[in-house]
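Protein chains in written order, with our numbering: chain S, 1 to 251; chain P, 1 to 269; chain F, 1 to 348.
Source of the hints: derived by calculation from the structure; they are not laboratory data.
Glycine included, each C-beta is placed from N, C-alpha and C at the ideal position.
If you want a taste of the chain F side facing chain P, the calculated C-beta under 7 Å gives, among others:
no., residue
1, Val28
2, Ala53
3, Thr326
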Amino acid sequence: MSHHITEAQDLCYSYPDGHQALRGVSFRIHHGESVGVIGGNGAGKSTLLMLLTGLLEPLRGQVAIGEIRLNSRTAKLVRQKLGMVFQNPDDQLFMARVEEDVAFGPRNMKLDEAQVGERVALALEKVGIVHLGDRAPYRLSAGEKRAAAIASVLAMGPDILIMDEPTSALDPSSRRRLINLLKGFEHTKIITSHDLDMVLELCQRVLVLKDGILLCDGPTHQVLSDGNMMIEAGLEVPQSLRGCPSCGWKG
Amino acid sequence: MASIFKTIDHIRYFDDLARQDSFIHRLHPLTKLLSTTVYALVLVSHDKYATLALLPFLFFPVLVAAAGRVPLSAILKRLLYLEPMIICLGLLNPLFDRETTVIMGHTVSSGWLIFASIVIKGSLAVSSALLLMATTGMEGIALSLRMLRVPRIMVLQLLLTYRYLSTLLEEGARIMQAYSFRSLSTVGVAAKAWGSLLGQVLLRTIDRAQRIYDAMCLRGFNGEYVPGKGRRAGIADPIYLLAWGAFFVLSRVFNLPLYLGCLLTGGVR
Amino acid sequence: MHMSDALLSPAVGATMWAATAAAAAYSVKKVQSEMDQKKVPLMGVMGAFIFTAQMINFSIPGTGSSGHLGGGLLLAVLLGPYAGFLTMASILAIQALFFADGGLLALGANVFNLGFFTCFVAYPFIYRKIVGRKGGPRRIIIASLAAAVIGLQMGAFGVVLETLASGRTELPFGAFVSLMQPIHLAIGVVEGLVTAAVVGFVWKARPELMERAFLNRALGDLSIRKVLLGLAAGAVLIGAGLSWFASSHPDGLEWAMFKTSGKEELEATSSVHEKLGGVQKRTAILPDYGFKGPEAEGTSGDTKGESWPVIDVGTTVSGLVGGLMTLLLAGLMGLMINQAAKAKGNGL
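So that you can see chain S by itself, here it is in the shape it has in the complex (with noise of 0.2 Å):
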């Protein structure tokens, strides 16, 4: 694994209705980094996730992954740096089975019918879904496919992960599962989510967008509890880091 850092400068963006998502965003993630992306609806988490994968292209300022500035003619090369987990995994496990999902990212690579077989069975493996290779993905539940999802982006060989939304849908157990998964990969994560629980257990950093603008970028366990800007990113302190009102205890 090369020692990427994801450089985000100025961005902006806004979408053809005129609506601006984002106002001049700014920030430097290192190798190895867990990093949360929190705040309010439309506060435009997804628009910077989109930019960071190159699926729209910043109107002005610019995105960097190492050494290559993204744009449209090293999108290829970028993106097989980059995996994306989509907040709806039905979006994402697009052929008929798991097992062929898996595949397509590795016979895009053009890589020969052995390894792509060899990569397919590594990524289920990883997050303990190998029997379920041969179903179709209406029939996993909704843990299974975000598994199914993460297996199809982790059989490119991702070095950075960017997941919108991993917990949404879940149950308790399979939440608790995806957590326990995630916190044993190496690779640098951006997590949108508004499961600030899950935030705080697996990144030591957060960014708090408030329409369009960064307007917290700290450690995750300071930044939650900080109740004023919480509240003014549409936002609040988790319930784990509040005070227990019968006991005393200040968090």
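For this one, chain S is given, so just place chains P and F on it according to the hints.
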């Protein structure tokens, strides 16, 4: 709405059947596609009065169903559903065709003869098509289509349509549920809501297509679908194909049931 | 209405397959060359959407009954004619494969009837001409109605012609036409109105989508002359194909292969008869029940039916016994294989 649920069940059930393991399932998908196509071709090449001569064609679906572990009920259920349609088509003949014809020393209405022929042909063609799916599955079909040089873009599109069928049918069922809770009509969607009901789903579908395209691009898709190799054909495949082909041609050229009957009863001149 | 395998002759089935394959190949070329690859997933998901929409009942005001959407015109409007045609083809393919609607041989005819006329005739020359550059709700309704009705009338007429050319029924042309066309007029009206409602909704909610569909240059070079030329070439091809089949077997457009095998049959049967006669003396279970039926010769059944040549003078009893034995044999073999498969646990 009930029909949506039935359709979802049907697709999933056939998907499960296709995931079984049997002699038929292990054949190469192209072998099964070709044998079914030849079967259908030879079957419909019989003329409109053929009835007795069609009976040997029952062997194919019966044997494939037995060897492929496809329960008869799976085929019969769909067959019974389609039968009224086939019967209606056939029934037009005795209505319009009042002539008679003499076969085997008996005067028969030729309209009814055509009716019988259409019903038998229709039922056999339906059974063989369903059995193809129940033993091959969509990916097998896609593999055979690629081997037949069908453009990749069409194969990918077919696979995507099949993949998202369940997802969209479920969405359709949900929206119809929500609609029927709030409207008292039992006949269907009122004219007022035609555009907005379907239109909403359509817009969501278009947005979904965009996300799917994004997901594909992020995994290296650039307009060219790279399919897997699929498995190779074995020695059983040509034998299977040839054996059935020979049987079909034999049954087409000779009226086997009549020979059999003659043999047993001595009715040959 | 779906064309069914039971009504089709191999010659007509193959001809329609060829016509559909040609239209599909051309569409693929167009789709690949001049539009963004983004459309491939859109086509896939839209296919699933139309499939779902076909299952929804739309109540028809003032009638108490309900109708369905076919979707060909909607696809052409939203995706353009080429992508629309390919999407319709994949919907019909899934219906033929998974639901046995129509059948494998009839698939070519069905794609042509429901896809070609709508996407390549009704959409460019009726819908687009009426809607014009500007659009507008009233124009969309009129255009959809006209295009859907005319497209479906052509499709229904296609079914009539294909059925008659196949010679698998005795339906008189007039009766069939007067049955099919009015039914499809009603179907076409529902199709047109539902299409207009959906297109109108999208036009209001997301005008940029419709603009994109309009700006789609895929139509730029589709001139009436080109399509008419294509249609004429297709007609000549289909006509030539059919007459070739027909001339090789004057009776009912039979397949050439079986014309020759029919001759062999005549020769073969006489020698087989001799042998069978010998065998039969020793093996016949019911030797005295054979009625000779020379009177059957020269009747309509004989001259028309190829399956009843020469040996159809066999007896009713022979026919019935033979038929029953065939059924019994098929059933028994099925059962045996089934048992064997079960015994082995994991298939054969």
